[in-house]
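Trainee: Below are the chains, spelled out letter by letter.
Number of protein chains: 2
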Amino acid sequence: MAKPKKQPRPKAETPKGFRDYFGPEVTERTEMLRTIAGVYHRYGFDALESSAVETVEALGKFLPDVDRPNEGVFAWQEDDSDWVALRYDLTAPLARVYAQHRNDLPTPYRRYAMGPVWRNEKPGPGRFRQFYQCDADTVGTASMAADAEICAMLSDALEIVGIPRGDYLIRINNRKVLNGVLGNIFGEPEAVAETIGAGDPSGEERMQGVLRTIDKFDKVGEAGVRELLGKGRLDASGAYIDGVGLNDDQIEPVIQFLTSKGSSNQETLDNLTAAIGTNAVGGQGVLELRQIAELLDAAGYGPDRIVIDPSVVRGLGYYTGPVYEAELTFEVFDEKGRKRQFGSVAGGGRYDDLVKRFTGQAVPATGVSIGVDRLLTALREKGRIHSEAHGPVVVTVMDRDRMADYQAMVAELRNAGIRAEVYLGNPKNFGNQLKYADRRDSPAAVIEGADEKARGVVQVKDLILGKQIAENATLEEWKERPSQVEVPRSELVATIRKILDGQG
Amino acid sequence: MAKPKKQPRPKAETPKGFRDYFGPEVTERTEMLRTIAGVYHRYGFDALESSAVETVEALGKFLPDVDRPNEGVFAWQEDDSDWVALRYDLTAPLARVYAQHRNDLPTPYRRYAMGPVWRNEKPGPGRFRQFYQCDADTVGTASMAADAEICAMLSDALEIVGIPRGDYLIRINNRKVLNGVLGNIFGEPEAVAETIGAGDPSGEERMQGVLRTIDKFDKVGEAGVRELLGKGRLDASGAYIDGVGLNDDQIEPVIQFLTSKGSSNQETLDNLTAAIGTNAVGGQGVLELRQIAELLDAAGYGPDRIVIDPSVVRGLGYYTGPVYEAELTFEVFDEKGRKRQFGSVAGGGRYDDLVKRFTGQAVPATGVSIGVDRLLTALREKGRIHSEAHGPVVVTVMDRDRMADYQAMVAELRNAGIRAEVYLGNPKNFGNQLKYADRRDSPAAVIEGADEKARGVVQVKDLILGKQIAENATLEEWKERPSQVEVPRSELVATIRKILDGQG
Numbered sequence: 001m002a003k004p005k006k007q008p009r010p011k012a013e014t015p016k017g018f019r020d021y022f023g024p025e026v027t028e029r030t031e032m033l034r035t036i037a038g039v040y041h042r043y044g045f046d047a048l049e050s051s052a053v054e055t056v057e058a059l060g061k062f063l064p065d066v067d068r069p070n071e072g073v074f075a076w077q078e079d080d081s082d083w084v085a086l087r088y089d090l091t092a093p094l095a096r097v098y099a100q101h102r103n104d105l106p107t108p109y110r111r112y113a114m115g116p117v118w119r120n121e122k123p124g125p126g127r128f129r130q131f132y133q134c135d136a137d138t139v140g141t142a143s144m145a146a147d148a149e150i151c152a153m154l155s156d157a158l159e160i161v162g163i164p165r166g167d168y169l170i171r172i173n174n175r176k177v178l179n180g181v182l183g184n185i186f187g188e189p190e191a192v193a194e195t196i197g198a199g200d201p202s203g204e205e206r207m208q209g210v211l212r213t214i215d216k217f218d219k220v221g222e223a224g225v226r227e228l229l230g231k232g233r234l235d236a237s238g239a240y241i242d243g244v245g246l247n248d249d250q251i252e253p254v255i256q257f258l259t260s261k262g263s264s265n266q267e268t269l270d271n272l273t274a275a276i277g278t279n280a281v282g283g284q285g286v287l288e289l290r291q292i293a294e295l296l297d298a299a300g301y302g303p304d305r306i307v308i309d310p311s312v313v314r315g316l317g318y319y320t321g322p323v324y325e326a327e328l329t330f331e332v333f334d335e336k337g338r339k340r341q342f343g344s345v346a347g348g349g350r351y352d353d354l355v356k357r358f359t360g361q362a363v364p365a366t367g368v369s370i371g372v373d374r375l376l377t378a379l380r381e382k383g384r385i386h387s388e389a390h391g392p393v394v395v396t397v398m399d400r401d402r403m404a405d406y407q408a409m410v411a412e413l414r415n416a417g418i419r420a421e422v423y424l425g426n427p428k429n430f431g432n433q434l435k436y437a438d439r440r441d442s443p444a445a446v447i448e449g450a451d452e453k454a455r456g457v458v459q460v461k462d463l464i465l466g467k468q469i470a471e472n473a474t475l476e477e478w479k480e481r482p483s484q485v486e487v488p489r490s491e492l493v494a495t496i497r498k499i500l501d502g503q504g
Numbered sequence: 001m002a003k004p005k006k007q008p009r010p011k012a013e014t015p016k017g018f019r020d021y022f023g024p025e026v027t028e029r030t031e032m033l034r035t036i037a038g039v040y041h042r043y044g045f046d047a048l049e050s051s052a053v054e055t056v057e058a059l060g061k062f063l064p065d066v067d068r069p070n071e072g073v074f075a076w077q078e079d080d081s082d083w084v085a086l087r088y089d090l091t092a093p094l095a096r097v098y099a100q101h102r103n104d105l106p107t108p109y110r111r112y113a114m115g116p117v118w119r120n121e122k123p124g125p126g127r128f129r130q131f132y133q134c135d136a137d138t139v140g141t142a143s144m145a146a147d148a149e150i151c152a153m154l155s156d157a158l159e160i161v162g163i164p165r166g167d168y169l170i171r172i173n174n175r176k177v178l179n180g181v182l183g184n185i186f187g188e189p190e191a192v193a194e195t196i197g198a199g200d201p202s203g204e205e206r207m208q209g210v211l212r213t214i215d216k217f218d219k220v221g222e223a224g225v226r227e228l229l230g231k232g233r234l235d236a237s238g239a240y241i242d243g244v245g246l247n248d249d250q251i252e253p254v255i256q257f258l259t260s261k262g263s264s265n266q267e268t269l270d271n272l273t274a275a276i277g278t279n280a281v282g283g284q285g286v287l288e289l290r291q292i293a294e295l296l297d298a299a300g301y302g303p304d305r306i307v308i309d310p311s312v313v314r315g316l317g318y319y320t321g322p323v324y325e326a327e328l329t330f331e332v333f334d335e336k337g338r339k340r341q342f343g344s345v346a347g348g349g350r351y352d353d354l355v356k357r358f359t360g361q362a363v364p365a366t367g368v369s370i371g372v373d374r375l376l377t378a379l380r381e382k383g384r385i386h387s388e389a390h391g392p393v394v395v396t397v398m399d400r401d402r403m404a405d406y407q408a409m410v411a412e413l414r415n416a417g418i419r420a421e422v423y424l425g426n427p428k429n430f431g432n433q434l435k436y437a438d439r440r441d442s443p444a445a446v447i448e449g450a451d452e453k454a455r456g457v458v459q460v461k462d463l464i465l466g467k468q469i470a471e472n473a474t475l476e477e478w479k480e481r482p483s484q485v486e487v488p489r490s491e492l493v494a495t496i497r498k499i500l501d502g503q504g
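Sequences listed follow chains A and B, in order. Residue numbering for the first sequence follows the UniProt record's numbering, beginning at 1 and increasing consecutively. Residue numbering for the second sequence follows the UniProt record's numbering, beginning at 1 and increasing consecutively.
Fair warning: there could be bad hints in the mix.
Since the list can't tell identical chains apart, any single copy or any two copies may satisfy a pair.
[Stated by the list, open to error] Only pairs whose alpha carbons sit at most 20 Å apart, straight line, appear in this in silico SDA-like list of lysine to any residue:
1. 453 <-> 83
2. 231 <-> 205
3. 467 <-> 439
4. 11 <-> 156
5. 11 <-> 100
6. 122 <-> 17
7. 435 <-> 104
8. 122 <-> 81
9. 219 <-> 239
10. 16 <-> 100
11. 467 <-> 343
12. 11 <-> 102
13. 356 <-> 12
14. 16 <-> 81
15. 382 <-> 156
16. 11 <-> 81
17. 216 <-> 103
18. 453 <-> 399
By construction, these hints were calculated from the structure, which means they are not laboratory data.
Take the sequences, apply the hints, and build the full model.
Mentor: Spelled out as structure tokens, the structure:
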């Protein structure tokens, strides 16, 4: 008889760019999101959980023009008809939800959402294809009070999860001000305001060049920006970077805009007004910033927390008014050991056209998205996450037939609010049980052999103290094992509690 | 010039079978899962969040044999090479995770997981293609203490979320006992135990028929099962259902097995022992049930909470030992107004072969999955979810230029822990503001016009009382509007608090 063909074993791997999250990685994130949700809720925002799968048509941006939708999303065809995709953010689904349910939702509609999103992008170190976002948006109002409220709420949220005042800064700009500056340079201010970059291709190219250059202001400074807007620049590595090719008359207003930041919001706004001149769109942008600044000032959110800053440029094309970004300003060491500012953890702005796609009616909206994983990383870097110090207490199994006794012990401990488990592996090798307790990072192991049972006592091994002794003690001291105590069975819970309280 | 072609508007719809969850639907589920996670954690289980996307190869069951993987999962091909899919449960990913990370995980590994899963099935009323599961599993131990622990933990979890003792029952059976009975009837007990249904096709067909019939025991009773196992049965609708075609000697042991449930676990186990006879596999199954019963008995989980019940048949083919199911025993009205037992909300069992697919080594495992949406429905039916009684307090806008004043009011309320928001829509029509407050289910609206501002007072409208009056009062009474009070601005927070406390 022929040997049956052996199936090759499947590989135990996540798909490329995906990962699993274990223990504290999950619970710390859950706890942080719960805290943020509490802030959002107090501000009157309602929870929304939209479906993870959307039609490609509703997601918009990535309509299938060929056989397969654009890169960037995970999309597939259902039943030889509709293309569907995993959501790539929480904003596009919100626009769909609002358009679908607008008759049942309050106007304005304040909502928050938290959950995973998926991006079909090249994975890299620390860059995954599934990650969490945490958004808050207000749909259905053009009032700048909505934008001011979101910035204030973001400030509250950052502080409540553990970023103290002084360690973060929320910076606000307005896309209209930038559009006004560009309109002054490239002409057709109205057209530029409507669709940035529309117009002749060379003008569009230069406009994009200006935007990219503005984004480098923090890095290369005023002189660098001047060179990059003009003929070009020799960078630190010795490479020559071609410039955008503007003349001095065109460069000047961009520099004036970029360096508008004064010592107060008032001064910044005055500088911006001067930079904009008579440009109508730009003037509207400055007016909006002024309204936001006044509201925040009245609410006590000073420039130590939220500040007008013209150098903020956010990437997404759909912003139409105020844009904002939260940066963590403390320094961390990067992978090469260099000190760096931690950088951005949240951003957002006003997008007035997203719902219009569905309904034909313009629906003004503004909102923020927190990069959950980056914020968690920041909190861990600063030691602001107080995760559990230890794993569960492990009750060892000395006598397999007395499992019920050991289960009674863990039940007692749990009822006292203490995390505890009985060893469920093969109990034959006691060393393995202690190794298991070690791997579980247990604060204590409980031992009750036949002898202890007969005498009505248990042995309690203080594994926290044990570790300290193992690190510092001589072999003699180690052998005396003072970290193990014998106590009456009735004192089990009290003894464990002492160990957990650090008085063991 | 030709009119530019108009793009049709995208439809604002979820894909078929998907839905969105709003406000309390989200927060009530989050809160319930958090409570359950607390129980699991106290039992020593660690959180795990695996990626939502898995390779089809790792998911197993649905290997692509043609161009497109089987129905049942949402799957697509990445980069013309690997097929990937959305997870359809939390157990298959656990097997992959354990195989992948087994060197870094403790053995046994207790883990819990909660999150959405996706099924590419025909949607129906209340049946969606994305839904939540909440699982707890112990991997790496063959000890029946693991199964007993999971059942006890499930019992604790149900009670803590609000299902009181007496309103639920966890029933335990063992697949091996059933295999033993079938082995006695169809012969080749070892082969039957290894792969149920292997053997000659007609035998397999009859075996499946027996399983289906056993599942109907609750519905048709002993006499009905006898008929269905034999020649057939005329059902209530007058239709004749063909029987499995067993003879009386074959029917008897099945009936004996099915009716083994005694007045105590002890009696049930004795009856099962008699039903099994000398069958080795069946004997092992009864022994396992006996161990579980003893452990639960010692831990105080009596048959009012967890009971051995031979009529439990769980669908999944991969269970290899104990199977368990949690039923809610209280009655609800179904869509036709008939009284029904609420039914199953959780189930699970032992599956010893899932990890072996990856590693070649058998890894024993056991676990339970809670149907999150069904449990939530049950809690709502029983009024056991105490959602917020009201929405946020709404501060109305009488004077658009004094937005800062209104924001100061909401800030004060929030700082006092009261959910509050300022109206952000167009304030021109005051009626719309009150309609908004109504739609938000606000407990109170705050009004401060120029006159109130000048006199240092605010108007507070008690909307809870207002609603009561609107329902009961005459027009005269209504016009007096006693539900609106004028208070000093400094007493705003105290006045709102009185209303929230029901003393407004």
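Trainee: Go through the copies and call it for residue 453 and residue 83: within, between, both or neither, with a Cα cutoff of 20 Å.
Mentor: neither (66 Å within a copy, 57 Å between copies)
Trainee: Could you place residue 11 and residue 100 in one of the four classes (within, between, both, neither) given a Cα distance threshold of 20 Å?
Mentor: between (42 Å within a copy, 8 Å between copies)
Trainee: Regarding residue 11 and residue 102, is the shortest C-alpha distance of 20 Å or less found within a copy, between copies, in both, or in neither?
Mentor: Between copies, since 14 Å is at most 20 Å while 46 Å is not.
Trainee: How would you classify residue 231 and residue 205 at a CA-CA limit of 20 Å: within, between, both, or neither?
Mentor: within (15 Å within a copy, 82 Å between copies)
Trainee: Indicate which option fits the pair residue 122, residue 81 if close means a Cα-Cα distance not exceeding 20 Å: within, between, both or neither.
Mentor: Classified as between: cross-chain Cα gap 16 Å, same-chain 28 Å, threshold 20 Å.
Trainee: Give the relationship of residue 219 and residue 239 under a CA distance limit of 20 Å: within one copy only, between copies only, both, or neither.
Mentor: within (16 Å within a copy, 81 Å between copies)
Trainee: Given identical chains, is residue 16 near residue 81, meaning Cα to Cα at most 20 Å, within a copy, between copies, both, or neither?
Mentor: This pair counts as between: shortest inter-copy Cα distance 12 Å, intra-copy 28 Å.
Trainee: Treating 20 Å as the Cα threshold, decide for residue 11 and residue 156: within, between, both or neither.
Mentor: Intra 45 Å, inter 37 Å, cutoff 20 Å: neither.
Trainee: When Cα atoms must be at most 20 Å apart, do residue 356 and residue 12 count as within-copy, between-copy, both, or neither?
Mentor: between (45 Å within a copy, 11 Å between copies)
Trainee: My question is about residue 216 and residue 103: at a cut-off of 20 Å on alpha-carbon distance, are they close within one copy, between copies, both, or neither?
Mentor: Intra 44 Å, inter 45 Å, cutoff 20 Å: neither.
Trainee: Is it within, between, both, or neither for residue 122 and residue 17, if the alpha carbons may be no more than 20 Å apart?
Mentor: within (8 Å within a copy, 31 Å between copies)
Trainee: 20 Å Cα cut-off: does residue 467 pair with residue 343 within a copy, between copies, both or neither?
Mentor: Classified as neither; 38 Å inside a copy, 50 Å across copies.
Violated hints, listed in ascending order, are 1, 4, 11 and 17; each of the other numbered hints is respected by the structure.
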